[in-house]
Amino acid sequence: MNYTDLRLKIRHFFRRNAKLLSIIIIIWGLVFLFNLFIANRNIEPTPKTTREVHTSIIDSTKSTPSSMRKPITDMIDEYVSACNDGNYQKAFNMLSDECREFSFNNNINTFMSHVLVKTPTPKEYSIQDYSNITYGKKKIYTYEVKYIDNLLATGLTNSTYNFTTEKFTFYEDKNGDMVMSAGDFVYHSKIQSISENNYLKIDVLDKVVRYSTETYKIRFTNRSNYTIVIADGAEYDEILLALPKETRGRSTTSKLVLKPGDKDVRTYTFPKFVDDGDMSQSILFSSVRVMEKYSGTEDVSDEVIQSEIDNAISKFSMEVKVTE
Amino acid sequence: MRKQDSTRGFIIGAVIVVIIIVIAVINVNKKEELDYSQMTEEEIAITVQNKIDQITVSNLEGMGERDRMEYYVKKFVDAVENKQYEEAYKMLYKEFRDNYFPTLESFQEYAKKKFPSEIALKHTNFERNGDIYILWVTLSNPLGSKNSGIEMNFIVKENSLNDFVMSFTVI
Chain V
1 MNYTDLRLKI
11 RHFFRRNAKL
21 LSIIIIIWGL
31 VFLFNLFIAN
41 RNIEPTPKTT
51 REVHTSIIDS
61 TKSTPSSMRK
71 PITDMIDEYV
81 SACNDGNYQK
91 AFNMLSDECR
101 EFSFNNNINT
111 FMSHVLVKTP
121 TPKEYSIQDY
131 SNITYGKKKI
141 YTYEVKYIDN
151 LLATGLTNST
161 YNFTTEKFTF
171 YEDKNGDMVM
181 SAGDFVYHSK
191 IQSISENNYL
201 KIDVLDKVVR
211 YSTETYKIRF
221 TNRSNYTIVI
231 ADGAEYDEIL
241 LALPKETRGR
251 STTSKLVLKP
261 GDKDVRTYTF
271 PKFVDDGDMS
281 QSILFSSVRV
291 MEKYSGTEDV
301 SDEVIQSEID
311 NAISKFSMEV
321 KVTE
Chain A
1001 MRKQDSTRGF
1011 IIGAVIVVII
1021 IVIAVINVNK
1031 KEELDYSQMT
1041 EEEIAITVQN
1051 KIDQITVSNL
1061 EGMGERDRME
1071 YYVKKFVDAV
1081 ENKQYEEAYK
1091 MLYKEFRDNY
1101 FPTLESFQEY
1111 AKKKFPSEIA
1121 LKHTNFERNG
1131 DIYILWVTLS
1141 NPLGSKNSGI
1151 EMNFIVKENS
1161 LNDFVMSFTV
1171 I
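In the order they appear, the protein sequences are chains V and A. FYI, in the working numbering the residues of the first sequence are 1 to 324. FYI, in the working numbering the residues of the second sequence are 1001 to 1171.
Derived from the structure by calculation, the hints contain no laboratory data. Computed from a predicted model, the values in this text were never measured in an experiment. Hints are not guaranteed to be accurate.
Capping the alpha-carbon separation at 30 Å, the derived lysine-lysine pairs in DSS-like fashion look like this [claimed, not checked]: (1) 70(V) x 9(V); (2) 48(V) x 1114(A); (3) 1090(A) x 48(V); (4) 272(V) x 293(V); (5) 48(V) x 1094(A); (6) 1122(A) x 146(V); (7) 48(V) x 1112(A); (8) 138(V) x 48(V); (9) 1113(A) x 48(V); (10) 123(V) x 1090(A); (11) 1074(A) x 123(V); (12) 201(V) x 70(V); (13) 146(V) x 1090(A); (14) 1051(A) x 146(V); (15) 1122(A) x 48(V); (16) 123(V) x 62(V); (17) 146(V) x 1094(A); (18) 1074(A) x 118(V); (19) 123(V) x 1094(A); (20) 48(V) x 1157(A); (21) 48(V) x 90(V); (22) 1051(A) x 123(V); (23) 167(V) x 1157(A); (24) 118(V) x 1122(A).
Stretches of chain A that chain V covers, calculated by requiring three or more beta carbons in the stretch to come under 8 Å of a beta carbon on chain V [unchecked claim]: (25) 1088–1098; (26) 1153–1167.
Cβ atoms here follow ideal geometry from the backbone N, Cα and C, with glycine treated the same way.
All chains should be built: construct the whole structure from the sequences, respecting the hints.
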């Protein structure tokens, strides 16, 4: 093959594949330009932090929907600003009806006391999505607000590092309006569950769920002609909240003794985190005693107490369902 | 035949256009070589500082937040140790300066009096509260006695990489 043949073959090759070669060159050019564009993009380097305001601390796979983030941050900012400015009525009005009623008894002074405990002086604050739960059809977003002094302005001079916190909850009502609650209040629920026998009737009227507690309002009716002891400390675990795999004792240990025919309404608070994944099942009254004779437990010997329990007309446990 | 010619013409035109664009972009993106011989001393200093800042930002980008905050505190302490008081003063949060050191001279006087001449830093604790970082630090003189350390807090707020303000416990 001489030089002319080679030249003709190359020329022939280019003529035959002109379209294909042209397309390859165009694609190569476009890829080259794209690479150049990517390489020369002026990206401002941003600091990596562990702070993700709208991602739940309890379950990092959950975060607040983008559409709700700004309304939530705006509401918290407006609320804290109102508290810092001493405009308590405005802050109070921003809270849900339920929160005002069950956390602050619809009383602005109770609310002011709460605010002054959390922020005795004007504070800076930071927020963090704490947990996102579903209650019925509502999706409830819980944010923790941390109140701190302006540390940058003082450098902690003549002070120690401390802060106060409270949980705020948010959900959208039927009209799509955002509803806010403060002071760890999450929701209120009418339980209206009853358990009864010939001696005693127990009505669980309602429940107030706060971030770390559940408080039940319960009405007791003694239907007998005897004294009924529900809790006096003589027995263990007299009133318990039953969860699927465990029980919880109440936060306080007040006595509950009903005279014949007595009615009494009590509230019992149990420690329970709203985002622990468990649903409360029932309240157990594990050691109800219908007493022939009852001398109480103060200044009474253990022998007498035990003897009166042994001679009780009836001893039983009662369970009232509280599932929603 | 005419249709085939026009297609070929279009393809050749497209190839030429792409090649011209590639060459033009390469030329535009060619980085200008810096000719230090044509610069004043001040321009050289600015250029060098910009390069150092770029490298610092690049290094900080790969650091975790605790390391970055400790770097910022060290930067402040180094400035004090090297008697670059104005530079250290500029790092302080304005309201903090107004509260405790309204003038550079007052800060300089304080720094000379309270900070050791040689400073060893020991970070003992670290916490974040929102976008504010609180660091617990012991400053000591490595050449001084064993218990010569001063325990203090530094409060740092990072605006962006290598852009921060801070304050410290005035003792």
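Results for each hint:
no., hint, result
1, 70(V) x 9(V), "69 Å, violated"
2, 48(V) x 1114(A), "34 Å, violated"
3, 1090(A) x 48(V), "24 Å, holds"
4, 272(V) x 293(V), "37 Å, violated"
5, 48(V) x 1094(A), "25 Å, holds"
6, 1122(A) x 146(V), "28 Å, holds"
7, 48(V) x 1112(A), "35 Å, violated"
8, 138(V) x 48(V), "34 Å, violated"
9, 1113(A) x 48(V), "37 Å, violated"
10, 123(V) x 1090(A), "26 Å, holds"
11, 1074(A) x 123(V), "29 Å, holds"
12, 201(V) x 70(V), "49 Å, violated"
13, 146(V) x 1090(A), "29 Å, holds"
14, 1051(A) x 146(V), "40 Å, violated"
15, 1122(A) x 48(V), "23 Å, holds"
16, 123(V) x 62(V), "29 Å, holds"
17, 146(V) x 1094(A), "23 Å, holds"
18, 1074(A) x 118(V), "35 Å, violated"
19, 123(V) x 1094(A), "18 Å, holds"
20, 48(V) x 1157(A), "14 Å, holds"
21, 48(V) x 90(V), "37 Å, violated"
22, 1051(A) x 123(V), "40 Å, violated"
23, 167(V) x 1157(A), "25 Å, holds"
24, 118(V) x 1122(A), "34 Å, violated"
25, 1088–1098, "holds (count 3)"
26, 1153–1167, "holds (count 10)"
The structure does not agree with the numbered hints 1, 2, 4, 7, 8, 9, 12, 14, 18, 21, 22 and 24 stated previously, though it agrees with the rest.
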